[in-house]
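Work out the full structure, taking the sequences as your base and the hints as a guide.
Chains as they are written, first to last, in full-length UniProt numbering: chain X, 1 to 425; chain R, 1 to 425; chain H, 1 to 425.
Just so you know, same-sequence chains aren't split out, so a pair can sit in one copy or run between any two.
Each computed DSS-like pair below joins lysine-lysine, with the alpha-carbon atoms no more than 27 Å apart:
1. 309 to 192
2. 161 to 104
3. 11 to 309
4. 350 to 35
5. 104 to 350
6. 35 to 104
7. 35 to 351
8. 351 to 161
9. 381 to 11
10. 350 to 161
11. 104 to 351
12. 381 to 192
Keep in mind that the hints were calculated from the coordinates and are not lab data.
From a predicted model like this one, the values you see are computed outputs, not experimental measurements.
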Amino acid sequence: MPAYSTNMRFKFPIFAIILEIITIVLFAFFVEYDKGGHSHGIHTHTHFQNLFQDVHVMIFIGFGFLMTFLKKYGFSSVGLNMLLAAFGLQWGLLMQGFWHGGGKIHVSVYRMINADFSTATVLISFGAVLGKTSPLQLLILTLLEITTFAVNEHIVADLLKASDAGASMTIHAFGAYFGLAVARMLYRPGLKNGHENDGSVYHSDMFAMIGTVFLWMFWPSFNSAIAEPGVPQLTAVVNTYLSLAACTLSAFAVSSLVEHRGKLDMVHIQNATLAGGVAVGTCADMAIGPFGAMLIGFLAGIISTLGFKFLSPILAANLGIQDTCGVHNLHGMPGILGGLAGIVAVQFGKKDGSAGMQAAALGSSLGFALVGGTITGLIMKLPIWGQPPDQNCFDDSIYWEVPEEEEENNESLTHGEHSKNKAEA
Amino acid sequence: MPAYSTNMRFKFPIFAIILEIITIVLFAFFVEYDKGGHSHGIHTHTHFQNLFQDVHVMIFIGFGFLMTFLKKYGFSSVGLNMLLAAFGLQWGLLMQGFWHGGGKIHVSVYRMINADFSTATVLISFGAVLGKTSPLQLLILTLLEITTFAVNEHIVADLLKASDAGASMTIHAFGAYFGLAVARMLYRPGLKNGHENDGSVYHSDMFAMIGTVFLWMFWPSFNSAIAEPGVPQLTAVVNTYLSLAACTLSAFAVSSLVEHRGKLDMVHIQNATLAGGVAVGTCADMAIGPFGAMLIGFLAGIISTLGFKFLSPILAANLGIQDTCGVHNLHGMPGILGGLAGIVAVQFGKKDGSAGMQAAALGSSLGFALVGGTITGLIMKLPIWGQPPDQNCFDDSIYWEVPEEEEENNESLTHGEHSKNKAEA
Amino acid sequence: MPAYSTNMRFKFPIFAIILEIITIVLFAFFVEYDKGGHSHGIHTHTHFQNLFQDVHVMIFIGFGFLMTFLKKYGFSSVGLNMLLAAFGLQWGLLMQGFWHGGGKIHVSVYRMINADFSTATVLISFGAVLGKTSPLQLLILTLLEITTFAVNEHIVADLLKASDAGASMTIHAFGAYFGLAVARMLYRPGLKNGHENDGSVYHSDMFAMIGTVFLWMFWPSFNSAIAEPGVPQLTAVVNTYLSLAACTLSAFAVSSLVEHRGKLDMVHIQNATLAGGVAVGTCADMAIGPFGAMLIGFLAGIISTLGFKFLSPILAANLGIQDTCGVHNLHGMPGILGGLAGIVAVQFGKKDGSAGMQAAALGSSLGFALVGGTITGLIMKLPIWGQPPDQNCFDDSIYWEVPEEEEENNESLTHGEHSKNKAEA
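Below, the structure is given as structure tokens:
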């Protein structure tokens, strides 16, 4: 199949280098340091820089390691996560700037937080197609999704003036449905009956828990980073902390309830315990009360776990949506729940605003995601980007040099491991 | 043995859900946002939020991964750590509030730090019974231990007005002896000669080092978080940093001294290097001098390592105290050392206070721990909580779906791993 | 070979304990708490403490886990990293103080950041000799290198008054060439054809990525920590963030370009993606423009990857420099690039200063590194420090108790693993 050649030798490096050179040229023309605004004064700097570092950890460690649960796909999960986020934050800085005002784009720590945010959408979508795409396809996804995100974010925040402090709608629901639309376009009938590498081993599940726990811990910073300083920001921290705590209890409980002999399932624990952070996002800075935040989290943990158990198999079997990480359960449904909770909260006066505009924001986010994802999926489907054949899915060794340990265990049990072995060398 | 049924299918989920619903109802009645006090003003918020995030990392990554050293108990260590901490922080917020004043409880970031602190006692005790208890038993432990902790903490801080900035007495010694009392009540003669799963493999020891290093790094934040802002807080940071550094040298040295051919033992490195953080706790904010802090740390590293090597086997063999993680060596003895150092330091005028009250605080902490732990252990011993039988101790697969890698290595070396294998499926 | 006895039983513990006691005595005479200066006022404290915690994570998690890529050397990598950093920060506090002024040394959080910095030089050099030295040799390296570092740093900062905010010259180039000089002195002809343990396995590469990602994320804090507060500090954060992002793209691209079938090589991804942080160091706080920072990072990623692929084998084969971690490629060449960029930037007026003095600073750093490293290497070569024989290189089991998993897989496939197995027990 020459059209499906997965040899990246020239395509990937040349594309990546040209993309970076273009980006640097755009920065030379359009970007300069910020001299005032959000970042003037040492105290504000300290404030934003700490939030920035927390968000940065969520993007690079949190998302990166959360996806390392697959037994043979850890290099790609954490490595490509780093590549996409590194490119995405540059592109996000440019895209935000183009939409948020004329003249030069001024890089401040506040803008860096927003740039990191824009990469989160891509990393969510990455989860839906994990193991089934080439690095080149993923760079294209990054380019197109962040561009679409910036348009939608501009509409939601500047035109509709809707509230979405923790970005349940603009990041989580958007990223999930964008990714699901791409996954639908890239549907692989050959994976209908599963794939031997589409599963975890003991230590890959442990690596994934590093991602889970860092996401869980720093989510209060994520949801409060762009809230108004003062009471709204404090409220966002408290609401997120409590929502996640309640969500953890319900996720554990429901996982045990639906599994064989009441056992806990690592997939649920790795993911559904985080749904409370997603779902409380839109309301994070609203005076919904500590128990209100806990109720949202409690509900999100239940919905998310049930989604993994019952809905994901249906989406794969009936709708042709093969969602590797189950982003629909962690980001999709809890993101919509967050959007709906925001509509209700604004309606009940928990924050100034219009319930109608909140609903329009949710609709806009879903619409841009589905249309943008479908078009992006069609482009990614072109047989020139080195997409892996079915039998090489979920396997690092197609795009990475991989040490040869497993073969050796099988073939040569009596001698030690050789230095510098490479798979398929 | 029907009384020892470990099927969690209904017991655990129903108990967890009811517990969470009761908690949410209590929050609805008693808890509201803080509007002033410790958290007003953006700068104070930044200050406390950063300390909070550091403490949060210690609780969820530090304690969670420190306990992953067992070869087959990583899911439980990091997963149940998350469950207990998530429930514990909610319960801790309620318990603190009930004792610290009438009227509503106001959640601020400062209170969130204290809530995280209260969970630390449970996670220390968890270490003593690691591998030998069901998730349900551990939820009961959390409920009872945090309640007891709140009473003792109220007595020490508000009635005795004793100093314990880094909580050597109220968290470390309390948590350790509470856990040891529980472990004594749950004594298992069947484990007298060890258990094949009560040991590490190479990579499980590596995961545990993630926990060790994060605890080590953020301990200055832990010990300074509730100290008086200004000089006392700076002092707590400096003292803790130096105590841990000196402790690391003595722990490495003594580990080498007592082992075969001078080799280092990972158990000592993972644990005894942290004893300096525990032992300097009570004195952390006192003007004991940089070299004073280093002396405390140096001594703690020696005592802790010797405890692992010589005392733990004696406790298990002669007193029936099977302390899986050796919390007596990391939290127990160094906690008492910290309490004693505090008495001496106050006596010598390093901080205003009464040496007698310091001694009373140490006695109160130990007394509440031993009595509370004994009663809690008796309740946990009731044969209705799904406690694992001896042969299933230290093994995730009794409460978790576990991928089947090891069986496969043995049985089917020539084919690849199957997707979605589950242990005992 | 009695001269090469690797039994550490008395040598190592006695040396470590005496070293620590001497250090405590020196602290008792020369060190006291800081009462003003950099650390007065709670807001400045918060500011520096957060930077300190970020730098601390880089030193202990970043460097520690980056070196865990070797299949059998993880305990030593993260464990000895902790030992050397813990001693190094104490020694660094003393050495800085001796050079930076008369009278007592005042420990502030600012000084703690600098103490952590001084340990970074040792950890870089450690990378060059990883797997080939005893713990005792490494303590001697720490003692001598930090002493040399403090002299050079005093000359560069106080006498030449050169700019080096992110320490491309004084930490990275210095640490790399010091380590390479030591490695040259400790040249082992027996390792000319490689060593079976000098390679990674799948999960050891995953652990190493934890180190990579934490270094990558917190590098903006490292490069801005000692910059002037206000605009220069903001500039350092922005420049480092963008340099690393651009560097990641070029490192991935070149890795794919030079490897078989365009595959990515984990060694490049783990290391070369960080070269942008090193290379932008000297210019970090200068107004080189966002695109200027990106250009430096882009170039650093290319040079570093090419160095791993083509230069390291030449250094090993022709110059007798066996550089285990390739520190020449991550810290050496990018450090020089950073120094050169600093000369150019000062020449073009991006910051007040003298290009000549910048050049002198680079020369001084390289000179002290090469001379200091050569002398240190000669001392480390003395046959009394328990250096490992060639066949035991890159293997924890010579200095650590190691669980026996691998032997078991081979010999006794049918029974489970035994508890408390020890290698060579």
